[in-house]
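Asks: One letter stands for each residue in the lines below.
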Amino acid sequence: DTGVSQNPRHKITKRGQNVTFRCDPISEHNRLYWYRQTLGQGPEFLTYFQNEAQLEKSRLLSDRFSAERPKGSFSTLEIQRTEQGDSAMYLCASSPKGYNEQFFGPGTRLTVL
Amino acid sequence: QKEVEQDPGPLSVPEGAIVSLNCTYSNSAFQYFMWYRQYSRKGPELLMYTYSSGNKEDGRFTAQVDKSSKYISLFIRDSQPSDSATYLCASDNTDKLIFGTGTRLQVFP
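Sequence lines, in order, name chains A and B.
Quick note on numbering: our numbering labels position 5 of the first sequence as 5, and the sequence is numbered without any gaps.
Quick note on numbering: our numbering labels position 11 of the second sequence as 11, and the sequence is numbered without any gaps.
Looking at chain B on its own, in the form it has when it is part of the complex (with noise of 0.2 angstroms):
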């Protein structure tokens, strides 16, 4: 079993729409959780990062962390094309990100 796991997708929406992003996690000690935005052939780019549970809004984007289900959510609001891409979940593991395999969202006009 991996220690995140996440749909590899692909998540296909008419723009407008909200997008909800999930994964699983093992691991009770992991304590820090990001969203990473990754468009084809780039690096991933930091969206979100929260720490324990909880909410956290920033603009269009909602990340929560649900500690006792070991639960992760993204959620994206009036999507975009340009949200178009691959979303990576991620866990700290004592100073590494462990990773989900990403989830390819695909938001059309």
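Bound-form chain A, shown alone (with noise of 0.2 angstroms):
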């Protein structure tokens, strides 16, 4: 599968934990952006890099996100002392060089109890 990846496919974890999710983006893709997506809600953006560049953050994400991605390939997204409000889909998506287009993960189904 050539595919953008994502692990967890899901995490259920308690409120106050820290929780980490990777993104595989396709290969040779340089952009790859992170959304959040709640139910009955389009994604919503939080953050993107062109290789290992972060160029953009949401306000969305607050200081207990953090995003990462060394050497231009995976990313991970980490969230500490998630709270019942992180509880979300968290979608990666990638682009190729010089296209619009994004190309989006299964996403990571994440539950704050």
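To be clear, the hints were calculated from the coordinates, so they are not data collected in a lab.
Glycine included, every Cβ here is placed at the ideal spot set by N, Cα and C.
Please note that the accuracy of each hint is not assured.
Said to hold, decoys possible - Each pair of labels, with its calculated beta carbon distance range:
{"#": "1", "chain 1": "B", "residue 1": "Ser53", "chain 2": "A", "residue 2": "Gly85", "range": "38 to 44 angstroms"}
{"#": "2", "chain 1": "B", "residue 1": "Ile18", "chain 2": "A", "residue 2": "Ser73", "range": "39 to 45 angstroms"}
{"#": "3", "chain 1": "B", "residue 1": "Phe108", "chain 2": "A", "residue 2": "Gln50", "range": "30 to 36 angstroms"}
{"#": "4", "chain 1": "A", "residue 1": "Lys71", "chain 2": "B", "residue 2": "Lys56", "range": "32 to 38 angstroms"}
{"#": "5", "chain 1": "B", "residue 1": "Ser53", "chain 2": "A", "residue 2": "Gln84", "range": "41 to 47 angstroms"}
{"#": "6", "chain 1": "A", "residue 1": "Phe74", "chain 2": "B", "residue 2": "Glu5", "range": "31 to 37 angstroms"}
{"#": "7", "chain 1": "B", "residue 1": "Ala29", "chain 2": "A", "residue 2": "Pro70", "range": "32 to 38 angstroms"}
Starting from the two chains in their separate frames, assemble the complex, guided by the hints.
Replies: This is the structure:
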């Protein structure tokens, strides 16, 4: 499968715990995006990388959230001290250089108890 | 006001019907427009991508953009039960996508 992959697919955690998600983009896609989607809503932009540089962060990304893309390949999204309001589907997308189309992975569904 | 507005539905149609899905947007700077299909508990799948105004056809799907009225449409011909999903419109705003809420479509046999 050469699409965007995300792990884990599901994560259940207790409030206050830290969680980390991983995204592997399509090979040679230089841009990588993170979005969050809650029930009944469209995805909302969180942050994006061009290669290893994090170029933009949404105001939705509080200081409990951090994202990295070391070496411009896979990316991780960490949420510290999780809150029940963090429960959502976290989506990763990638885009090839020179194109605007974004291709999404299957998402990681987070449930905070 | 949201930058991209979309009627959440649900929209229920019989198999074989022509489906019309619509969005409006407020930012005249938007130039790229996309339609995604999302099945329950899955990631969005890119269906159509258009630049500026005009039509684009791909099989049973036609995307239309009217920049003068800031209106985006997706038409599905000969709808099938397998088309039952949520359809998301999105506009590109300086490298990030702004999505509508999605319209839930159900095609019944």
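Asks: All hints, please: hold or fail.
Replies: Hints, verified against the model:
The hinted range of 38 to 44 angstroms is satisfied by B:Ser53 and A:Gly85, whose Cβ atoms lie roughly 39 angstroms apart. In this structure the supplied range 39 to 45 angstroms holds for B:Ile18 paired with A:Ser73, their Cβ-Cβ distance being about 44 angstroms. B:Phe108 and A:Gln50 have their C-beta atoms about 44 angstroms apart, which leaves the hinted 30 to 36 angstroms range violated. With their beta carbons about 36 angstroms apart, A:Lys71 and B:Lys56 fall inside the hinted range of 32 to 38 angstroms.
Distance hint check: the CB atoms of B:Ser53 and A:Gln84 are about 44 angstroms apart, consistent with the given range 41 to 47 angstroms. One distance hint, 31 to 37 angstroms for the beta-carbon pair A:Phe74 and B:Glu5, holds here, with the actual separation near 35 angstroms. Distance hint for B:Ala29 and A:Pro70: a CB-CB separation of about 33 angstroms, consistent with the stated range 32 to 38 angstroms.
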